[in-house]
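Sequences are here, hints too, so could you generate the full structure?
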Amino acid sequence: MPKQKTAPETQDATMEEMIEPVAELDSDLLSSKQQTRNQAIRYVLWGLISVVVNFVTFFVMNQVLHVEYQISNATAWVLSVQVAFWVDRLLVFKHHSSYPFREMGKFYATRIATYLIETLVLWIGISLLTTPATPTKLVGQACALIGNFFLSKLFVFQNK
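Each residue of the sequence shown is one higher than the one before, starting from 1 at the first, in full-length UniProt numbering.
Bear in mind the hints are in silico, worked out from the structure with no lab data behind them.
Worth double-checking, as some hints may not be accurate.
As the list claims (entries may be wrong) - The calculated DSSO-like cross-link candidates involving lysine-lysine, where the alpha carbons are at most 27 Å apart (straight line), are:
id	residue 1	residue 2
1	33	106
2	153	33
3	94	106
4	153	94
Unchecked claim - Here are the simulated distance ranges between beta carbons:
id	residue 1	residue 2	range
5	142	79	12 to 22 Å
6	52	94	34 to 44 Å
7	95	56	21 to 31 Å
8	34	65	43 to 53 Å
Everything numeric in this text was worked out from a predicted model, so none of it was measured.
Where is the CB? At the ideal position from N, CA and C, for every residue including glycine.
Right under this line is the structure:
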(Lines of atoms letter the chains of each structure in order from A and count residues from 1; the text may use other names and numbers.)
(Lines give C-alpha, C1' and ligand atoms only; values in the text may rest on other atoms or scores of the structure.)
Protein backbone atom coordinates (compact mmCIF):
# COMPACT_ATOMS: atom_id res chain seq x y z
CA MET A 1 0.00 0.00 0.00
CA PRO A 2 1.49 3.40 -1.02
CA LYS A 3 2.53 5.67 1.75
CA GLN A 4 0.45 8.80 2.14
CA LYS A 5 2.43 12.02 1.74
CA THR A 6 2.36 14.39 4.62
CA ALA A 7 1.90 18.11 4.05
CA PRO A 8 5.67 18.98 4.08
CA GLU A 9 6.46 16.16 1.58
CA THR A 10 3.73 17.40 -0.74
CA GLN A 11 5.05 20.93 -0.42
CA ASP A 12 8.63 19.76 -1.20
CA ALA A 13 7.52 17.87 -4.30
CA THR A 14 5.63 20.88 -5.52
CA MET A 15 8.68 23.10 -4.92
CA GLU A 16 10.88 20.67 -6.92
CA GLU A 17 8.37 20.66 -9.74
CA MET A 18 8.45 24.46 -9.76
CA ILE A 19 12.25 24.69 -9.69
CA GLU A 20 12.97 22.06 -12.37
CA PRO A 21 11.74 24.10 -15.37
CA VAL A 22 13.72 27.12 -14.15
CA ALA A 23 16.86 24.99 -13.90
CA GLU A 24 16.29 23.71 -17.45
CA LEU A 25 15.80 27.27 -18.67
CA ASP A 26 19.05 28.36 -16.98
CA SER A 27 20.84 25.44 -18.64
CA ASP A 28 19.37 26.37 -22.04
CA LEU A 29 20.44 30.00 -21.62
CA LEU A 30 23.98 29.02 -20.66
CA SER A 31 24.12 26.62 -23.60
CA SER A 32 22.86 29.35 -25.94
CA LYS A 33 25.44 31.85 -24.63
CA GLN A 34 28.23 29.29 -25.08
CA GLN A 35 27.02 28.51 -28.61
CA THR A 36 26.91 32.22 -29.51
CA ARG A 37 30.41 32.69 -28.08
CA ASN A 38 31.75 29.77 -30.10
CA GLN A 39 30.05 31.04 -33.24
CA ALA A 40 31.49 34.52 -32.70
CA ILE A 41 34.99 33.06 -32.38
CA ARG A 42 34.53 31.00 -35.55
CA TYR A 43 33.01 34.04 -37.27
CA VAL A 44 36.07 36.17 -36.55
CA LEU A 45 38.56 33.45 -37.50
CA TRP A 46 36.85 32.18 -40.66
CA GLY A 47 35.51 35.62 -41.50
CA LEU A 48 39.05 36.77 -42.15
CA ILE A 49 38.79 34.99 -45.51
CA SER A 50 36.00 37.26 -46.74
CA VAL A 51 37.69 40.32 -45.22
CA VAL A 52 40.88 39.51 -47.13
CA VAL A 53 38.88 39.04 -50.35
CA ASN A 54 37.19 42.40 -49.71
CA PHE A 55 40.37 44.32 -48.91
CA VAL A 56 42.48 42.82 -51.69
CA THR A 57 39.77 43.44 -54.29
CA PHE A 58 39.25 47.02 -53.05
CA PHE A 59 42.97 47.77 -52.89
CA VAL A 60 43.80 46.35 -56.30
CA MET A 61 40.89 48.07 -58.01
CA ASN A 62 41.26 51.43 -56.22
CA GLN A 63 45.02 51.79 -55.73
CA VAL A 64 46.47 49.71 -58.56
CA LEU A 65 43.85 50.04 -61.30
CA HIS A 66 42.67 53.51 -60.14
CA VAL A 67 38.99 52.61 -60.25
CA GLU A 68 36.75 55.06 -58.36
CA TYR A 69 36.41 54.05 -54.69
CA GLN A 70 32.64 53.41 -54.70
CA ILE A 71 32.89 51.07 -57.73
CA SER A 72 35.89 49.35 -56.13
CA ASN A 73 33.92 48.96 -52.91
CA ALA A 74 30.82 47.57 -54.66
CA THR A 75 32.86 44.98 -56.55
CA ALA A 76 34.77 44.00 -53.41
CA TRP A 77 31.47 43.70 -51.56
CA VAL A 78 29.87 41.33 -54.08
CA LEU A 79 32.87 39.01 -54.12
CA SER A 80 33.33 38.99 -50.35
CA VAL A 81 29.62 38.44 -49.62
CA GLN A 82 29.57 35.37 -51.85
CA VAL A 83 32.63 33.97 -50.07
CA ALA A 84 31.17 34.91 -46.67
CA PHE A 85 27.86 33.16 -47.34
CA TRP A 86 29.46 29.77 -47.89
CA VAL A 87 32.00 30.19 -45.10
CA ASP A 88 29.32 31.30 -42.61
CA ARG A 89 26.84 28.64 -43.67
CA LEU A 90 29.24 25.72 -43.57
CA LEU A 91 31.92 26.66 -41.04
CA VAL A 92 30.61 29.32 -38.67
CA PHE A 93 26.96 28.48 -38.03
CA LYS A 94 27.28 24.88 -39.34
CA HIS A 95 23.85 25.29 -40.86
CA HIS A 96 22.42 22.74 -43.25
CA SER A 97 19.06 23.06 -44.90
CA SER A 98 17.33 22.17 -48.13
CA TYR A 99 17.06 25.81 -49.16
CA PRO A 100 20.57 27.30 -49.56
CA PHE A 101 19.45 29.77 -52.24
CA ARG A 102 16.63 31.10 -50.06
CA GLU A 103 19.20 31.57 -47.29
CA MET A 104 21.51 33.25 -49.79
CA GLY A 105 18.74 35.74 -50.60
CA LYS A 106 18.30 36.55 -46.90
CA PHE A 107 22.06 36.75 -46.49
CA TYR A 108 22.41 39.26 -49.31
CA ALA A 109 19.50 41.29 -47.94
CA THR A 110 21.15 41.61 -44.52
CA ARG A 111 24.49 42.38 -46.15
CA ILE A 112 22.90 45.19 -48.16
CA ALA A 113 22.03 46.91 -44.89
CA THR A 114 25.60 46.73 -43.62
CA TYR A 115 26.95 47.63 -47.07
CA LEU A 116 24.96 50.86 -46.91
CA ILE A 117 26.46 51.59 -43.49
CA GLU A 118 29.96 50.92 -44.83
CA THR A 119 29.29 53.09 -47.90
CA LEU A 120 28.18 55.92 -45.63
CA VAL A 121 31.36 55.55 -43.54
CA LEU A 122 33.47 55.65 -46.73
CA TRP A 123 31.66 58.71 -48.05
CA ILE A 124 32.00 60.58 -44.76
CA GLY A 125 35.63 59.53 -44.29
CA ILE A 126 36.92 59.94 -47.84
CA SER A 127 34.70 62.59 -49.42
CA LEU A 128 33.92 64.81 -46.44
CA LEU A 129 36.86 64.35 -44.09
CA THR A 130 39.44 63.56 -46.83
CA THR A 131 40.78 60.61 -44.84
CA PRO A 132 42.85 58.11 -46.87
CA ALA A 133 40.77 55.31 -48.41
CA THR A 134 42.40 52.29 -46.75
CA PRO A 135 42.03 53.35 -43.09
CA THR A 136 38.49 54.54 -43.79
CA LYS A 137 37.73 51.17 -45.37
CA LEU A 138 39.01 49.49 -42.19
CA VAL A 139 36.57 51.49 -40.04
CA GLY A 140 33.71 50.71 -42.42
CA GLN A 141 34.56 47.01 -42.38
CA ALA A 142 34.58 46.94 -38.57
CA CYS A 143 31.07 48.40 -38.49
CA ALA A 144 29.89 45.93 -41.12
CA LEU A 145 31.52 42.95 -39.39
CA ILE A 146 29.66 43.47 -36.13
CA GLY A 147 26.34 44.03 -37.85
CA ASN A 148 26.83 41.05 -40.16
CA PHE A 149 27.37 38.57 -37.33
CA PHE A 150 24.19 39.47 -35.50
CA LEU A 151 22.05 39.75 -38.62
CA SER A 152 23.28 36.36 -39.86
CA LYS A 153 22.64 34.71 -36.52
CA LEU A 154 19.21 36.25 -36.01
CA PHE A 155 17.74 36.23 -39.52
CA VAL A 156 19.63 33.91 -41.86
CA PHE A 157 21.07 30.84 -40.17
CA GLN A 158 18.36 30.11 -37.63
CA ASN A 159 17.90 26.56 -36.42
CA LYS A 160 14.18 26.07 -36.14
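Could you check the structure against the hints above and give me the numbers of any it violates, in ascending order?
6
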